[in-house]
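Those protein sequence lines, which keep their order, are chains B and P.
Sequential numbering from 1 applies to the first sequence in our numbering.
Sequential numbering from 1 applies to the second sequence in our numbering.
Bear in mind the hints are in silico, worked out from the structure with no lab data behind them.
A few of these clues could be false.
Note that the list lumps identical chains together, so a pair holds whenever it fits in one copy or between two copies.
Unchecked claim - Straight-line distance between alpha carbons at most 30 Å, and here's what the computed DSBU-like set of lysine-lysine pairs gives: (1) K225 x K313; (2) K313 x K250; (3) K225 x K250; (4) K98 x K250; (5) K313 x K101; (6) K313 x K129; (7) K5 x K98.
This structure is a prediction, so every number in the text was calculated from the model and none was measured.
Protein chains: 2
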Amino acid sequence: MTELKNDRFLRALLREPVDVTPVWMMRQAGRYLPEYRASRERAGDFMGLCTNPERACEVTLQPLERYPLDAAILFSDILTIPDAMGLGLYFETGEGPKFRKPVRTEAEIMALPEIDPEADLPYVLDAVKTIRRELNGRVPLIGFSGSPWTLATYMIEGGSSRDFRRAKEMAYSQPELLHHMLDVLARSVTTYLNAQIRAGAQVVQIFDSWGGALSHNAYREFSLKYLQQIADGLLREHEGRRVPLILFTKGGGQWLEAMADTGAEALGLDWTTDMGQARARVGDRVALQGNMDPSVLYGTPERIRTEVSDILKSYGTGPGHVFNLGHGITPHVDPEHAGVFIRAVHELSAPYHE
Amino acid sequence: MTELKNDRFLRALLREPVDVTPVWMMRQAGRYLPEYRASRERAGDFMGLCTNPERACEVTLQPLERYPLDAAILFSDILTIPDAMGLGLYFETGEGPKFRKPVRTEAEIMALPEIDPEADLPYVLDAVKTIRRELNGRVPLIGFSGSPWTLATYMIEGGSSRDFRRAKEMAYSQPELLHHMLDVLARSVTTYLNAQIRAGAQVVQIFDSWGGALSHNAYREFSLKYLQQIADGLLREHEGRRVPLILFTKGGGQWLEAMADTGAEALGLDWTTDMGQARARVGDRVALQGNMDPSVLYGTPERIRTEVSDILKSYGTGPGHVFNLGHGITPHVDPEHAGVFIRAVHELSAPYHE
Chain B
1 MTELKNDRFL
11 RALLREPVDV
21 TPVWMMRQAG
31 RYLPEYRASR
41 ERAGDFMGLC
51 TNPERACEVT
61 LQPLERYPLD
71 AAILFSDILT
81 IPDAMGLGLY
91 FETGEGPKFR
101 KPVRTEAEIM
111 ALPEIDPEAD
121 LPYVLDAVKT
131 IRRELNGRVP
141 LIGFSGSPWT
151 LATYMIEGGS
161 SRDFRRAKEM
171 AYSQPELLHH
181 MLDVLARSVT
191 TYLNAQIRAG
201 AQVVQIFDSW
211 GGALSHNAYR
221 EFSLKYLQQI
231 ADGLLREHEG
241 RRVPLILFTK
251 GGGQWLEAMA
261 DTGAEALGLD
271 WTTDMGQARA
281 RVGDRVALQG
291 NMDPSVLYGT
301 PERIRTEVSD
311 ILKSYGTGPG
321 HVFNLGHGIT
331 PHVDPEHAGV
341 FIRAVHELSA
351 PYHE
Chain P
1 MTELKNDRFL
11 RALLREPVDV
21 TPVWMMRQAG
31 RYLPEYRASR
41 ERAGDFMGLC
51 TNPERACEVT
61 LQPLERYPLD
71 AAILFSDILT
81 IPDAMGLGLY
91 FETGEGPKFR
101 KPVRTEAEIM
111 ALPEIDPEAD
121 LPYVLDAVKT
131 IRRELNGRVP
141 LIGFSGSPWT
151 LATYMIEGGS
161 SRDFRRAKEM
171 AYSQPELLHH
181 MLDVLARSVT
191 TYLNAQIRAG
201 AQVVQIFDSW
211 GGALSHNAYR
221 EFSLKYLQQI
231 ADGLLREHEG
241 RRVPLILFTK
251 GGGQWLEAMA
261 DTGAEALGLD
271 WTTDMGQARA
281 RVGDRVALQG
291 NMDPSVLYGT
301 PERIRTEVSD
311 ILKSYGTGPG
321 HVFNLGHGIT
331 PHVDPEHAGV
341 FIRAVHELSA
351 PYHE
């Protein structure tokens, strides 16, 4: 086991003292980077990057070469599980992910297999091992999965959706059927994340990208319940170290107390939530990750620094904050502006950790 | 002035006692109704309905013929103001509203005229007068407008958007320019709503459909500030009666306290906010309107009644609740299910008003 050279991120997730606030960016290996676009062109397409461990490793490390980031995140897609279940993931330019075989009928849902990560998703585990080896202890590696509810929406709708009509129709007219599907997904996500941890992921994050589309009660019934099931089934210690779990429900800012009850070490926040108010609500129970609007990176360097400063001030002194964007960095951002952001976090946060 | 035969809605907005909780539905005159689809076909298109006062009146009254609704809402579009400013509103099937001439440069923004409702939007005021006359005091009539920020997003993006890239880029790189645009819009919305009130609207609602896309701080700077400006400039008494103002920021559930500070009589809630928690936060300062997920109407009649019951129970006893959906009713809803919903509100709410 390689010793970590920079453990700021792990320490902040466990609410231990740090010198400066650690920072990483969701989708930090992404289209805003010219070197990423070049790798993707060589690979042919997005899945050509995901399914080739060497290429996945290459793009995972690219942002770390440019910026003093405090974490690496596995390059993969949230929809690998339904793809492994046989739904046929594909991407149409400008249209987002789609499935050739959406799952809607009772027969289709009852036939969904639980996945075996070693047999069904070896390329992901190989990528984790390769990246971990190449990182060589530079920063911790984050593994991840989509949440059961978020995966179910794509599987039922056949792609992304504005209103989740079919998934919600199932929730309100055939809830038992949807619960069966969510249970299969929760068991698959649990074994998938545990396999990533065994392969070398030192932190895991669950992306509940569409949990915020649910009502206050339906979130508890159809999303949070399964986040709890996963939290209960995860390996929480590996290589003699705690493996922190980060839950990120986009649009879930009103439900932080309930999310903290799952026992996750940290909660991701989007930009609609005030950091200081969130901290007051969850107290010392969890660390908080976020939450600058990625669109701020379209602003001037001065504005970027002001926004970073405001969020740091809102969180206040002491440990437990991981700086991040409130969602993935977007393709049109100037890479120089991402650098301004990351350097500003380190520079402006030092006084809060004295 | 005709006496109101059913003033439950007005009374609830002013937190006065009622016999049962009043109910209406955003977009209640909409595509889910076959009689609406027939009217629209006769009119040729959506704007053909909006711009003809007799047709606008016809579709406004259609849901009142079917259901025991407690309010009527002017049939119109939130984008009439930018259309009157010369941007050229049009609709492409399945694509939502678009503008032929988006507004992006400093020269385009500085040239935006403040609108004069009597001269620029006479068809809206004629529709208000016609509907008010035909309602003949049956229920109150709601007038409405989009919020300045929401109108600005459509004007800058040229249509609807997933991430509001251009509008947010302006917010973070040229904030003074965006503020000028928002000020012109706020002054136009104020005169527009006041003209609707003088023409007969007894309540006004501002739809801040995209306020929830902003960060906690940016919401205050780019949306709420202009909602306050409008609230300060509105006629608050007309025909010897208070004219209640309803603010609805979709996705604004974390900002209710700040919204209540504007002096609006009521706040609209989407389905992500728990009614009871919202009431505890705003106390007796405002009435609350909402907040069932329209997707519940895809569910069984039993599930619809359960959801209505849960929201009524969460709000609790006493006045100040107007039942509504958390957003507009969607085209695929069975009209029978809308009836189940409306009847359930009246039937199940009576015990909370004894």
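TODO: Could you place K313 and K101 in one of the four classes (within, between, both, neither) given a Cα distance threshold of 30 Å?
DONE: So K313 and K101 fail the 30 Å test inside a copy (48 Å) and across (41 Å) alike.
- [ ] Measure nothing new, just compare the shortest in-copy and cross-copy C-alpha distances for K313 and K250 to 30 Å and report within, between, both or neither.
- [x] Cα proximity of K313 and K250: in one copy and across copies (23 Å, 27 Å).
- [ ] Evaluate K225 and K313 at a C-alpha cut-off of 30 Å and name the case that applies: within, between, both or neither.
- [x] Close across copies (23 Å), not inside one copy (33 Å); limit 30 Å.
Task: Alpha-carbon proximity between K225 and K250, which holds within one copy, between copies, both or neither at 30 Å - done: both (16 Å within a copy, 25 Å between copies)
TODO: Using 30 Å as the alpha carbon limit, work out where K313 and K129 are close: within a copy, between copies, both or neither.
DONE: neither (38 Å within a copy, 52 Å between copies)
Task: Alpha-carbon proximity context of K5 and K98, limit 30 Å - done: Answer is neither: 40 Å inside a copy and 52 Å across each miss the 30 Å cutoff.
Task: Copy assignment of K98 with K250, given that the CA separation must stay at most 30 Å - done: Answer is both; intra-copy 21 Å and inter-copy 28 Å each pass.
Comparing the model with each numbered hint stated earlier shows that hints 5, 6, 7 do not hold.
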